[in-house]
Each structure stands twice: as C-alpha cells, then as structure tokens.
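Here is what each chain is made of, one letter per residue.
There are 2 protein chains.
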Amino acid sequence: MAATTGDTGLSKLQFAPFSSALDVGFWHELTQKKLNEYRLDEAPKDIKGYYYNGDSAGLPARLTLEFSAFDMSAPTPAHCCPAVGTLYNTNTLESFKTADKKLLLEKAANEIWESIKSGAALENPVLLNKFLLLTFADLKKYHFYYWFCYPALCLPESLPLIQGPVSLGQRFSPKQIQALERAYDDLCQIEHITALPYFLIKYDENMVLVSLLKHYSDFFQGERTKITIGVYDPCNLAQYPGWPLRNFLVLAAHRWSSSFQSVEVLCFRDRTMQGARDVAHSIIFEVKLPEMAFSPDCPKAVGWERNQKGGMGPRMVNLSECMDPKRLAESSVDLNLKLMCWRLVPTLDLDKVVSVKCLLLGAGTLGCNVARTLMGWGVRHITFVDNAKISYSNPVRQPLYEFEDCLGGGKPKALAAADRLQKIFPGVNARGFNMSIPMPGHPVNFSSVTLEQARRDVEQLEQLIESHDVIFLLMDTRESRWLPAVIAASKRKLVINAALGFDTFVVMRHGLKKPKQQGAGDLCPSHPVASDLLGSSLFANIPGYKLGCYFCNDVVAPGDSTRDRTLDQQCTVSRPGLAMIAGALAVELMVSVLQHPEGGYAIASSSDDRMNEPPTSLGLVPHQIRGFLSRFDNVLPVSLAFDKCTACSSRARSGSRRRHLGRRFSAQLQSAPGPGGAAARGREGAGTAGEAGLALRLVARNCRSASG
Amino acid sequence: MAATTGDTGLSKLQFAPFSSALDVGFWHELTQKKLNEYRLDEAPKDIKGYYYNGDSAGLPARLTLEFSAFDMSAPTPAHCCPAVGTLYNTNTLESFKTADKKLLLEKAANEIWESIKSGAALENPVLLNKFLLLTFADLKKYHFYYWFCYPALCLPESLPLIQGPVSLGQRFSPKQIQALERAYDDLCQIEHITALPYFLIKYDENMVLVSLLKHYSDFFQGERTKITIGVYDPCNLAQYPGWPLRNFLVLAAHRWSSSFQSVEVLCFRDRTMQGARDVAHSIIFEVKLPEMAFSPDCPKAVGWERNQKGGMGPRMVNLSECMDPKRLAESSVDLNLKLMCWRLVPTLDLDKVVSVKCLLLGAGTLGCNVARTLMGWGVRHITFVDNAKISYSNPVRQPLYEFEDCLGGGKPKALAAADRLQKIFPGVNARGFNMSIPMPGHPVNFSSVTLEQARRDVEQLEQLIESHDVIFLLMDTRESRWLPAVIAASKRKLVINAALGFDTFVVMRHGLKKPKQQGAGDLCPSHPVASDLLGSSLFANIPGYKLGCYFCNDVVAPGDSTRDRTLDQQCTVSRPGLAMIAGALAVELMVSVLQHPEGGYAIASSSDDRMNEPPTSLGLVPHQIRGFLSRFDNVLPVSLAFDKCTACSSRARSGSRRRHLGRRFSAQLQSAPGPGGAAARGREGAGTAGEAGLALRLVARNCRSASG
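Going down the list, the sequences are from chains A and B.
Using this note's numbering, read the first sequence as starting at 1 and increasing by one per residue.
Using this note's numbering, read the second sequence as starting at 709 and increasing by one per residue.
Isolated chain A, as found in the complex:
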C-alpha cells in the first residue's frame, strides 16, 4: 500500500527493489576469471546483468547475473533488459569488509546523473540501469561473499500519486492494448533490441504510438497537458512499479518537469498466460513531478541491497555444499596450482604440466613418491608398470600402500598404486599394468608360454611408451632401465631417470635426440644458437640433443644384478628420506624442462649456472642432479652422449643395427666374468642372449613398421 504524504493527502509513490539473483554459473565464471585472469588485480571490472519481464505473479523482481555476465557482448535473453554493472572483487575478506560502499555508490550515482544531464541517457537509456557488485571469493572454501547495489537517484521529495495504479486492462480497450503491443514490438525490431527499457507513449482511442526517449521533442510536439512514459517493468506487484522507474523518473523530472507538472507512467508488463500474450496486467498511474530542472548537483542515491536477515550487510553463498564433491576436489586442486601463477610465476604455463601423460616404470619407493608429486602438480594422466606385489615392509616407505594391501600375499603394486591415486583424487586418470619389463641378462624360461609372455610384455611396453609423453625410469635395477631407455630414445620421448644409493641419488633427463631428418642428431639447424654458444668450458651450453643417457657412461652391458645379491642389496637400502627427495626432484626437473621453450632440447644447466639468469621461470634445467644426503648437497653435472652407447646411440636406435646390438649384448654377457662364477654362465647365459635378442628384434620390427 502506498503511504500518504502529509501535506497533500495524496499517496506517495514507492518502488519495489530488485533482488539480486546471482546464478551458480556466475560464481563459477568468477572463479575462473579470478584464477586465470584477474588473479590479484582488484581493478573494477565491467559486467552485465539483466532483468526479466514476464514473470508469473508472486516472483520478486530480480536482477540476474549468469555465467555470461563477464561477456559484455553476450546477447540479452528474450523479454529481458540489460543492466551494466561494475564488479569490485577484492583479494581479501578484510578489504571486502572495509570497502567504502558509500563512495562506490556515490561514484555510480554521479555517472548516472551525468548521463541524465548530458543527455547520454536519452540516447542510450541502458545507462540508467547501472549496478554494482562487491565480492570476495574464498576459493579455498568455495564461500562467496557479495553485496549488490542498484543505485537509484533520489528525488528531492517523495512523489505524490495523482492517480493511483490501475491495471492497463482497466484503462485501455483490447484494441488499444493490441495497438500498444504492436507499436512496442515494431520499435524493438527497428532498434534491433529484445526489449526497450524506457520509452514514450502517445495514445487515443484509436491508436497507440511509442517512441524513443531521444525523440521526445518531436514526439510530444504540441502536447500541452500531459505526457505518458513507459518503463519495461520487472515488477509483478499490482500497486508498485519496479526499481528501474526510479532513475527514469529523475530523468523525467530533470528534463521535462519544466513543461509538465505531472507524468503518466505505464509499467509495461508483458507475460504469457495460458499460451496467450498478456499485457493487460501492466499498471498505469500518474505522479506529480517535482521541479528539478535547474538543479546541477547529483541527488543522493540509495541501492545497497539488504541481506537475508533484512539488515544492511553482505550475503554469503557456500557453494561447497551444493557442488559435486568430485568437481569440488578438481576445482580445489586447480586453484592451488593456479595460485602459483598469480604473483610468483606469472609466466608459468600450467597447461604444459597438467596435460602431460606420464608413464612410471616402477611403483616402489621412487614410483610412489613421483606419482604423489605429479598429483601435486595437477598431472592427470599417470600410468604405472610394475610386476611386484606389495610386501609388509613397503607401506612405511612407499606412500601409496597400506598394511591391508600386503595381506594374502600382497596386491600387485601397479594396480594398487593406480587405485590409490583414484582414492586420493577421483579426477585422475590412473592405470596400472602388472607386467615385467624384459631385461637383458635375466633368464627367460624357454617354455612357449613364458616366451610368449615376454613377447607380449615388449609389445605392451612399446605401446605404453608410444602413448605417453614423459617416461620415468624408477626401477631398482640398472638393467630393467635399458629396454625402456632404448624404446623411449627411438620414439624421442622425454625420459626422466631416478636411482638411489644409500644416501646418494641421481635424477637426470636423458638426452633427447633430434629427428633423423635433421642429420641423425649430429647437427641441429633449427637451434644454431646452441652450438654457437659453445664456450670455453667443455660442459658449458650442451644442448639437450647432445646429452647423455643413464647408460652412456657404462663400459659393460647390463647383466643380471639381482641374481646374487645379498639381502641388503636386494632391498633398496637407503635413508628413508632419500626417495622422497629424489622423487620430488625428478618431477620438479620434468616440470622445469616442460617450462623451457625448447623442452627436452634445452641447454643443460650446470652447477656453474646457479648464479646466472635462469633459463625458465622455474629456474635451472640441469642434465643431472646428483644428491649427497650426508652433506645435504646437490651437484648438477652435465655429460655428453656416448656415440656407441648401448641404449641411446644411433646404432641402438636404428632398427637395422638392433639385431647386431642384441648379439653384442649377449656376447658381452657371456664373456663377462659374472659374480656367480661358472654357474652364472651356461644355460642362463643362453637364455639371456635369446631374450635380449628377442626384445631387440621386437623393437626393431615395431620401429620399422612405424617408420614404413
């Protein structure tokens, strides 16, 4: 009910305020913007909302912000008017709380006032539809604090209702209503807009005309008694107009009160009832206009929204409760990563890391720790290969296993590790392959089943290496690293190798050969800088394609290092912290290499480079990190590829030479003085030769078919 003004006895016009309707999609998009674009930027941002005309009775007038709010060129939905807003997203809850809301409101009000005075609002009435949104997004908890404001300029005094609101159906004949609909639709069509927020109306019994505000003078030319103005009204209440009318009435008072003492207002409401258009529920009334024509100062303004409790205060939505926990976990993990880009490493290319597919050969102490660090970096594609079962001594050192995994003989490590990753983070794509990696020097039982199994294992390994980007060698023997190293070298995959001693470790990237077309890896025309820069130091500025692999410094071929090991040699006996350090460094090395514009071809950093400008945003890209826990020291050696290396030389990679190499391997194994003396040679020696040959033949065959 309208209140009455004491002096005139007339009711005063009151307005139904907007309810802010901030969609989940809006918060989601704000989260993305904050993470990826705004970061720590607190500058005001343009956003866009809309209000709908056509609600059923009972719904409050809403100013809606959706995911599209950040796209200023997004189309406005049908039956909606746009509103342009300013987002003030603070970095901290503290600055959200202490933001000067009075000042923000005054600033917005002034802009509206200026657009009225200058006439800009006549040209573009949307300038009257301004809103503010103050937010703080606590992305750790998915709590969003916000305070919405729809600034409304206040007239010097409240407006007396000369004629109270009645429905248009009471005032207009059906014919007039039809004419109004047609006139409004035509004007929208001419203007190429979905809805006209403010307009002018002229009517008599036979016709209804509508016009744009900017045509006021022409439209009302000669009119002496009264003018009618129209507002596209989001409100449903029979007695009250909605909020948008406020600034329009201020415009009217400012611009037209010198000519007219009152104005008739049509709150145009356009809904569909039972399949038919219904404009008759629009309301129409007449108010007295105050004399404002010559006031130069911006009127005071109101508009900060009350909160749910009805007080002047901010609102908060807790989206964590209504989000799918798995999606929430994904967002949270992303958040932690993206925070790195905000202030610390703005140039960090997270996509390069997150999208990388990692193959972990070995799911023991190193494998578990590497997988954990990869998860921390947001890597989503992790595959384990291991043939061992989880034993009772594993869980305390292999952080993906628990006591229960050891019962009944122990679960296969590769499968259990993949399962555990899913339990840690359901968004990960983790797989496990419970298979052996064929090794030179290890006997293959020559029953057909086992030979067939070895053949399948080699093929499977090749396929796995082919379908991943980075290959981690994390086994506990030298020789098991050989075949994957050969295959990965031939497929030019980045290989990260980690190996533990008791209190020492090596973490290294294998040299990454150039494709054959560029001269079999001996020259690198696309990176002349690398060779040009070769300085005085023998190991300075060695590009990635000249770096050695784990086997480059070997003079003997890998034999069976497990067959005569004592207990302390069977277990990887190392200081318990060592695997965590080496595992973490292996992943950090991978990340640094991925951040380098040349990736695996990057020039290797050495210890001497520690004081130089680092080549990536994350720092150095060494060839090797050799750590000495007893001295808490790391050194960064660099070594060149050996051109006769059994794993990475062009001979090893070339299919035509593989069979020869297999024989050379076997010969070395048979002639080498084995630890077990005479018994160590003989039948097992033959098995070894056959097996190494088999592996090599399989590699050769597949490589030929790949290149053919």
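Treat the hints as calculated values from the structure; they're not laboratory data.
Each hint should be verified, as a subset may be incorrect.
[To be verified] When the alpha-carbon atoms are kept at most 25 Å apart in a straight line, the in silico BS3-like pairs for lysine-lysine are as follows: (1) B:K1097 x A:K140; (2) A:K141 x B:K1097; (3) A:K326 x B:K1119; (4) A:K389 x B:K849; (5) B:K1034 x A:K389; (6) A:K389 x B:K848; (7) A:K423 x B:K1034; (8) A:K389 x B:K1131; (9) A:K423 x B:K1119; (10) B:K1131 x A:K411.
[Claimed, not checked] A few chain A residues that don't get close to chain B, going by computed Cβ distances all over 10 Å: (11) E111; (12) G164; (13) G169; (14) L200; (15) E223; (16) R271; (17) D297; (18) E459; (19) D476.
Here a beta-carbon is modelled for each residue, glycine too, at the ideal position from N, C-alpha and C.
Since the structure of chain A is already known, use the hints to place chain B on it.
Relative to the frame of chain A, chain B by itself:
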C-alpha cells in the same frame, strides 16, 4: 624289516634316520642373529640341538633346533641328548644352492673320525653327535631355505645281525630292568648331565652296571666273550635303532673289533607310560663287528636329509603364512632398517631413532611428509596437533589424506593423520589432537568459554611437549611457532623447524640450551672443546647450545600474518615437490642429530664442512638447511642465538620474566604498523595483548610448579 646279506644269510642292520625339527623359534632367532649380529658374515656358526628319548610310538626320531640353538651354554632339556652343529647361513639363495655339500659333509665326517681315532670321542661322546645346517633366510619374504645333515660314518660293509632286535622286556627280568634304570640314573647324576648318549653295560641275573666309554678297559677287564654297549635312542621303532648308533658302532668297530667279533647293543628307550616309567620297550640285539682297527682313512659318510618329496634337495618353510600379519609387518619394517647397519653404516644406532617420541605441530603438507619419513625410519611414537579440517585441495599434496576424508566438511587433520598412520603400519603408536595452538597476535574471543579453551590448549600443549623428545614445528604461520618454541626451549627439547616459501625452504634445529646449573647457557664446562675450537671463522664450530632459533633473527614480534592475506598467501603456495624435500630433510636432520654423541648440543656443520670428516656416521649435523629449488641447491648457514630473542633467550624461558615479555609482545603489536592500517589495531590489538599474556602466564605458572 631288516634286509639280508647275501653271503651270510643274516639280516643286515639298518638305521632310522633323524627328521630335522626346526622350530619357529629357531627361525625367529636366526632372523634376529642375521639382522643384528651375523649380517653379511657367512662364517660357520656353532649351534646346538637335541634329541628326545621318550616319545610315544609312531613319532619319528627328531633332531630339534629351538630358539635356544644359538646359545651353546643353554641347558639341554630333560630326557634329551645334546647334538652340536654347525650353521652355514648364506647371504644369497645362489650361494645356498651352490654350496659344496659334499665338502661340508666330508669335513664334518673327518672331525668325527679324528675324535674317534684320537679317543676324544671316548672322553666326550657328544662329539659323535654332530650335525650341519645349511640355510638361507629370505627375510624379505620370510622364506627360510634349509638343508639338514646328520653325518654318519659308514662301515666298510653292512653289519650282519647275529641276533635280531627284541624288546628289553623279553630279555631282562623286571629286576634287571630296575637295576639298569638305577645304574643309568646314578651315572647321569654323577656326571651332572641329563642323559648319557653312549655308555657301556655289564649285567648278569642279579645286577646291571653301566659305565662311561672312557672307562672301557677297566670296565670290561677280563671279559672275553662279548661286550654290551648302550645308546640313548631317539627312535621308537621295534626293529630299528636310531641314527646316533651309527657313529658309535664305527667307534666300537675301530676301537674294539680287534678284541671282539660282535657286540651286543642296547637301544635304551626311556618313556613314561600311563604315569609309570617304561624302559622295557628298549630293544637289544647283537651285531657282527667288521675289522676296522687299523684303517687310518676316514670312512665315507652320509647324512644330508631328504626333502618332503623324498628327493635329495633342500626344504623351505614359508613363515609369512603362519605369522600374525601385524607382527610380520613389524619384522619387515625392522628388517629394512637393520639392513642399513649391515654394510653401509655399521655404527648406526637405530634404537636412538626408533625409540624417539615425536610431536608434530601441524598436519599439513609438511606434517604429512615428516610423518611418512619418520615411519620410514621406524619411529613408533608420533603425535599430531592441528586444528584444521581436510579440504578438497589437500590430498594431492598432503600424503596422509584421501578424497573421502574431505567429504562432509572434512575430517579433523590431526585425527585423520593418526588414523592413516595406523592403516599404513599397525605397529605405530599414533595419536592426534584436534586443537589450536595459541598464537600471539591472534584475537582470543573474550567469552569465558573461548578463554577457558585457550587456557586448556596451552596446558595441553605443555603436556604434549613434556612427553615427547623431538618437537617438529610444521605450521603455516610464523606466529604459531612461537609458543611451542618457548615451551620446548624451557624444557630443553630438540626442536626441528621447517618452513616453506614458493621454491625455497628452511629446515633447522633450534639451539638447545644447557641446563641452568651450568651457567645459564653461557658457558659449557662439560664441553670445553667446543669453545676452545672457535676458529677464525665467526660461524665455525658453534656448539648446539649457542645456536639460534627460528625467532632469533626477528626484529618484530609475531603478529597475525593471516588476517589480511590474499588467496595465494593463505594457501601455502609452493612447488609441489618442495614439502616432500623439506619434510624428508627435517627428519634426516633429526636422525643425524640423534646419531651425534652430543645430540642437540652437537657443533653445527656448515657448508664449509662438506669436505671435512663428518661428525656422525650419517654425515653432517647442520644448524640450518636452506634450499633453493630453482637452483637445486642447498646451503647450510649457521647462526648464533640472540640474547634478547623473544622465544629462546633466557628472559623468554625464565618464568619470572614471562609476564614482562608478554607485555612487551603486546606493546610491540600495538605500536607496530600493521598491514591492515588503523583497522588492524584497536580491539583485536587488545585481544592479542591479553591472549599473549595469558599464554605466557600459563607457561610461567606451569614452569614454576615443575621446578618447585
């Protein structure tokens, strides 16, 4: 049934071999010996077994080895004869398989033969009871491979039975049997042994005499027709003697066949049947003795036991199947640790590490990684304190949590972390306290409940620090480290502090003050070396009691660093590998300090000491490790304690000064320009002052009551 000899028509004597009976206790003790004593030593070891006389019919004759087998002075059980053996425990399955069993048998046979020739076996007949045990203990899998041998010298030909075995009850009158029993018992008593394995017998209808072998000549003086010898027989079979008789008959043939062509043998069997002694089931028979008197060469020998399949091969017991999985897990974890002592660090004092009680303040990225490394080191007593709940972003970086722990608002970290440790290793004693650590600079709500809670938290924290040996500071704010640092300093506990930047970390031990009696920490009479050695470098040879703490370099008191942090400052934004490295190093630093004979008082190693002889078997004991991941570098700075430090100075530790310090703290906080400007001071400032004062008063009160 005895076979017949072709030439004489007489049955040949045959013997029932021993079954080796290796008790679980034996394998357990072997495991312990191997882990703690033998390690890689493959030298033969003396062990001891026994055989029982008195089994019910149907049981095989057993040579039993129990846990006592390794104690050569252990008493022999009643009704048992000892056997002395040699254990050949190999380091590898390979050397187990390739051991020269023929040679081992020949060696043992020769020793028996020599004892017969020299007469030593007459003096000590146990020398005839010799056995060999070849073993390989796969302590990773709890598989024990073994091959047992009871060497029996072979007579040149098989022995014809002149008179087949009959039971003693058929031959002796009850009176004779009683006399035999008494004579045997008396001799044992005189000799102070539980049973006499071999003896001599003379009898007629009225008496039975027994004597020691060494008294042969006197005992059988004048005897011309036949002698009777007795063997304490583990066998139950009515037709066959047990294995021990074999070497005794060789002795008899060698020594006495020149005088007698045959010998009567009593297989003395002494059991209790229905409560009464039964010797009557002993058997007695007569065999022809071969002429061996002048043969100087050791006869050939047999004795390697057949396996379960009846073939000549080793046996294996898999104790993992019959062990309690939880005990198995404990043994396995112990094994991995003890392996370090075998070859790599023989002087490592594992007990010092395993028995240490660790309090982890903070169960986030650092806390989880520290706990994991402690588990790897076998630490069994781990307590967490944290007041946070597990959020969705945690599990990928905090390796004790999983996705499920985040649901429903998240489990309390401290409790979930303790639960997880139990799941990883049931033998751990892990507890979690879901409580806040009172912090200066953080407001305490002055409602009585919250104040009371803060008071309880301080008391709880004091009790926890009191009841642990090493305090890890692993929180994500500076100020939360202050109160524990003060309390731990006053209680002289070793403090290990770890803190992360984005790609840098510090891991340090706090200086450990000397007890007051020694001059308030300024002098150290018990370690004059430390001050004497103060060299030219300012930071060389600084003993532990002069080292600084985390707060020594601070010029400002800890304030509330959380209240105005942006999102990237709220989360500990760091490279994911960093916490693993720092967590691992924090534990490794603790272990190194514990290994130093002076513990926390140890002189701090610096980067300059890296090339010097390390002070512990594990290497350096630095004061601080500062790591730079972008350079893959660590430095080891050393810094002196600040005598006005707000945390570790004698002022801070002294109860009488605490209240003053509390006021000083508060004053600093109120006068310091806070990051939030005017709003950051005021009411919260007052709360801060009160709270810091409260904490300090509580500490002071408790310390007074402890010292009074």
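Against the structure, the hints:
1. B:K1097 x A:K140: holds (12 Å)
2. A:K141 x B:K1097: Status holds; Cα separation ~11 Å.
3. A:K326 x B:K1119: holds (16 Å)
4. A:K389 x B:K849: holds (11 Å)
5. B:K1034 x A:K389: The hint holds at about 17 Å.
6. A:K389 x B:K848: holds (12 Å)
7. A:K423 x B:K1034: Distance ~24 Å between K423 (chain A) and K1034 (chain B) Cα, so the pair holds.
8. A:K389 x B:K1131: Since the Cα atoms of K389 (chain A) and K1131 (chain B) sit roughly 18 Å apart, the hinted pair holds (cutoff 25 Å).
9. A:K423 x B:K1119: holds (15 Å)
10. B:K1131 x A:K411: Satisfied, since the Cα-Cα distance of roughly 15 Å is no more than 25 Å.
11. E111: holds (28 Å)
12. G164: Non-interface label on G164 (chain A) holds, nearest chain B Cβ at 48 Å vs cutoff 10 Å.
13. G169: Given a closest Cβ separation of 53 Å, the condition holds.
14. L200: holds (49 Å)
15. E223: Its Cβ never comes within 10 Å of chain B, the nearest being 56 Å, so this holds.
16. R271: For R271 (chain A), whose nearest Cβ neighbour in chain B is about 42 Å away, the distance exceeds 10 Å, so it holds.
17. D297: holds (31 Å)
18. E459: holds (31 Å)
19. D476: Holds, since 12 Å exceeds 10 Å.
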